[in-house]
Amino acid sequence: MDIIVCIKQVPDTGQVKIDPHTHTLIREGVESIINPYDRYAIEEGVRIKERYGGKVTAISMGPPQAKEALKEAISCGVDEAVLLCDRAFAGADTLATTYTLAKGIEQIGRFDLIICGKQTIDGDTAQVGPGVAERLDIPYVSYVRKIEFIGNRCARVERMMDDGYDILEMDLPALITVTKEINEPRLPSLKGEVRAASIEIPMYTAKDLGIDINKIGLAGSATEVIKIFPPPKKGQYERIEGTLDEQVETLLKKLKELGIINIPL
Amino acid sequence: MDYFLTDKQKMIKNLARRIAEEKIKPKRAELDEKEEFPWELMDILAKSDLFGLIIPTEYGGFGGGCFENCLAVEELGRACIGVATTFAASGLGAYPILFYGTEEQKRKYLPEIASGRKLAAFALTESSAGSDAAGIQTQATSSGDVYILNGTKQWITNGGEAEVYSVIAMTDRTRGARGASAFIVEKGDPGFSFGRKEKKMGIRCSSTRELIFDNCRIPKDRIIGREGMGFIIAMKTFDEARPGIGALSVGLAQGALDEAVRFAKERVQFGKPIISFQAIQHMLADMATLTEAARALVYAVARYIDTRPRDFSKVSAMAKLFPSDVAMKVTTDAVQILGGHGYMRDYPVEKMMRDAKILQIYEGTNQIQRNIIGQALNKEYGKKF
Numbered sequence: 018m019d020i021i022v023c024i025k026q027v028p029d030t031g032q033v034k035i036d037p038h039t040h041t042l043i044r045e046g047v048e049s050i051i052n053p054y055d056r057y058a059i060e061e062g063v064r065i066k067e068r069y070g071g072k073v074t075a076i077s078m079g080p081p082q083a084k085e086a087l088k089e090a091i092s093c094g095v096d097e098a099v100l101l102c103d104r105a106f107a108g109a110d111t112l113a114t115t116y117t118l119a120k121g122i123e124q125i126g127r128f129d130l131i132i133c134g135k136q137t138i139d140g141d142t143a144q145v146g147p148g149v150a151e152r153l154d155i156p157y158v159s160y161v162r163k164i165e166f167i168g169n170r171c172a173r174v175e176r177m178m179d180d181g182y183d184i185l186e187m188d189l190p191a192l193i194t195v196t197k198e199i200n201e202p203r204l205p206s207l208k209g210e211v212r213a214a215s216i217e218i219p220m221y222t223a224k225d226l227g228i229d230i231n232k233i234g235l236a237g238s239a240t241e242v243i244k245i246f247p248p249p250k251k252g253q254y255e256r257i258e259g260t261l262d263e264q265v266e267t268l269l270k271k272l273k274e275l276g277i278i279n280i281p282l
Numbered sequence: 002m003d004y005f006l007t008d009k010q011k012m013i014k015n016l017a018r019r020i021a022e023e024k025i026k027p028k029r030a031e032l033d034e035k036e037e038f039p040w041e042l043m044d045i046l047a048k049s050d051l052f053g054l055i056i057p058t059e060y061g062g063f064g065g066g067c068f069e070n071c072l073a074v075e076e077l078g079r080a081c082i083g084v085a086t087t088f089a090a091s092g093l094g095a096y097p098i099l100f101y102g103t104e105e106q107k108r109k110y111l112p113e114i115a116s117g118r119k120l121a122a123f124a125l126t127e128s129s130a131g132s133d134a135a136g137i138q139t140q141a142t143s144s145g146d147v148y149i150l151n152g153t154k155q156w157i158t159n160g161g162e163a164e165v166y167s168v169i170a171m172t173d174r175t176r177g178a179r180g181a182s183a184f185i186v187e188k189g190d191p192g193f194s195f196g197r198k199e200k201k202m203g204i205r206c207s208s209t210r211e212l213i214f215d216n217c218r219i220p221k222d223r224i225i226g227r228e229g230m231g232f233i234i235a236m237k238t239f240d241e242a243r244p245g246i247g248a249l250s251v252g253l254a255q256g257a258l259d260e261a262v263r264f265a266k267e268r269v270q271f272g273k274p275i276i277s278f279q280a281i282q283h284m285l286a287d288m289a290t291l292t293e294a295a296r297a298l299v300y301a302v303a304r305y306i307d308t309r310p311r312d313f314s315k316v317s318a319m320a321k322l323f324p325s326d327v328a329m330k331v332t333t334d335a336v337q338i339l340g341g342h343g344y345m346r347d348y349p350v351e352k353m354m355r356d357a358k359i360l361q362i363y364e365g366t367n368q369i370q371r372n373i374i375g376q377a378l379n380k381e382y383g384k385k386f
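If you read the sequences in order, they're chains A and B. Residue numbers for the first sequence follow the working numbering, so the first one is 18 and each next one is one higher. Residue numbers for the second sequence follow the working numbering, so the first one is 2 and each next one is one higher.
Keep in mind that the hints were calculated from the coordinates and are not lab data. For each residue, glycine too, the CB sits at the ideal point set by N, CA and C. There's no promise every hint is true.
Which residues of chain A face chain B? A few of them, derived with a C-beta cut under 7 Å, are [to be verified]:
hint, residue
1, Ile35
2, Arg203
3, Leu204
4, Ser206
5, Lys208
6, Glu210
Taking the hints into account, I'd like the entire structure generated from these sequences.
Okay, structure coming up:
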């Protein structure tokens with residue numbers, strides 16, 4: 018089972034400043050950590066390797082200092098790591114980031130499963146995992162809280178929903194994003210730390226990856242950050258119970274009442 | 002203070018500190034209250050390779066010495082010496098095998114202990130033999146290809162939870178201390194069971210229990226060293242382990258000092274934080290000075306032990322005696338500085354003061370440490386003059 022874990026180094030505080038021109042984060046002077054959700058992704062990858070054998074490779078896109086995050090991943094049981102590092106990658110939105118990461122993953126080569134944290138604590142978009150899967154044209158499930166089963170060709174996972182969970186089966190290779198319910202991440206081990214201290218982490222530039230320069234960084238970004246604000250609270254919802262026929266009937270009635278659909282019942 | 006640690010030593014210290022802060026601190030009050038054995042935390046320490054710290058690399062360990070062990074237990078002890086004692090007691094159980102075991106014994110037991118898959122324990126004390134180790138009643142009788150053990154060990158740390166026990170028993174009572182031998186007994190050996198689990202003043206998450214040997218039959222190859230070496234093995238084990246108790250003490254004292262200073266900065270009386278009063282400042286100054294002096298002594302002795310000197314009983318005893326007395330004083334003063342708050346279970350210093358007392362008692366009471374130091378002085382000066 019060959020696993021790729023996508024991780025991001027993020028600032029360790031909610032008190033970060035935003036660049037007034039680019040509307041992106043000013044990272045200088047703030048202590049950096051592995052995005053907390055990515056630690057669950059690392060742990061899940063290492064646990065799968067411990068059970069089924071194989072290799073875990075961590076990948077990150079970021080400045081040279083992001084090597085520290087990759088080294089911490091190695092001290093926690095990851096086998097290898099690569100850093101996608103180029104000034105041209107800077108200022109990327111999720112569209113450009115997923116393109117760059119997908120190219121990096123193609124460079125790593127074979128894999129059975131890609132694991133990402135469900136979202137980062139700095140960007141909070143939760144788009145990068147699914148976006149990478151789209152770029153690589155593989156199936157994905159987000160918000161995975163448990164891997165029930167993983168075989169050579171397929172996996173069965175539980176996806177967290179607002180009011181319960183789905184059980185989904187998918188073909189491998191695939192991508193999942195994980196929630197904090199999935200495991201309890203371990204701390205580094207001494208042997209892992211010794212390995213991390215001596216390992217050379219390869220850095221790939223845009224040129225190394227042979228990628229389209231117009232699709233990366235700020236230039237390759239389709240979105241522009243105008244304003245940052247917390248999303249509005251979710252509205253009220255109601256659970257419709259009963260047999261399938263009853264549920265359909267109730268739902269149609271309600272949608273008609275709300276004027277969303279207009280069909281004779 | 003910069004003690005000029007190597008990169009590896011810094012790594013050990015930082016990792017142990019992180020475990021103490023993130024994993025032990027949030028659990029310590031509950032473990033103490035429930036007197037619950039900290040299995041979950043032992044599992045975390047195992048996954049972080051800390052149980053392998055003192056085990057050579059060829060047996061799956063990290064290859065550290067007395068000093069590396071001290072750095073780890075100090076940091077763990079800063080959060081909870083109940084947890085740290087449980088951890089350190091496994092090392093104590095491993096030392097006899099490490100120093101005197103055969104190659105086969107080392108290959109069989111040390112990798113299991115290093116990985117944390119199995120906890121170890123050391124068993125010397127009996128109801129009539131503690132400070133006077135020669136008073137051991139537990140008997141080991143040679144019979145064909147087995148030894149048959151009979152007797153009861155008392156107050157054994159990790160008793161009932163450990164899988165591997167280094168046990169001191171008499172093979173020849175007529176020879177006194179020279180008739181003692183050391184054996185490896187495994188949990189599950191026929192005739193080996195556990196008695197009462199003690200209710201303690203402090204370190205309440207650690208297990209302290211009786212070991213009962215009722216015609217317990219173990220194979221002949223479980224003897225450590227030769228018959229008659231038991232007392233030497235026990236003394237050598239304590240010599241190596243005592244700075245570890247000193248390090249636990251330094252950790253505990255530092256933990257109590259941390260709490261006292263933090264409180265003194267926040268607590269306002271007469272319109273000022275109490276740290277601005279000289280009465281409090283002088284207490285804190287003494288606590289900090291004693292703690293740093295204890296740390297300096299422990300580090301110096303542990304580093305000296307790692308140069309493998311021939312006889313280091315005296316300095317090893319000093320590295321247990323002074324820090325444990327310091328820990329008792331500093332934790333008591335921390336409770337005083339916190340006043341009424343300190344006496345309540347809502348604050349950690351109450352537990353720290355209860356925990357501290359054992360440091361002056363176990364692994365040789367501080368009176369025995371003074372005996373060791375006194376006897377060594379007598380011998381040293383006998384040579385010179």
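Okay, the hints, checked on the actual structure:
At about 30 Å, the closest approach between the beta carbon of Ile35 of chain A and any beta carbon in chain B exceeds 7 Å, and the interface hint on this residue is violated. Given the 7 Å rule on beta carbons, the hint for Arg203 of chain A holds: about 5 Å separates it from the nearest Cβ of chain B. Interface hint at Leu204 of chain A: satisfied, since its Cβ lies 6 Å from the closest Cβ of chain B, which is below the 7 Å cut-off. With a least beta-carbon distance of about 4 Å to chain B, the hint placing Ser206 of chain A at the interface is held under the 7 Å criterion.
At its closest, the beta carbon of Lys208 of chain A sits 5 Å from a beta carbon of chain B; the interface hint therefore holds under the 7 Å criterion. Interface hint at Glu210 of chain A: satisfied, since its Cβ lies 5 Å from the closest Cβ of chain B, which is below the 7 Å cut-off.
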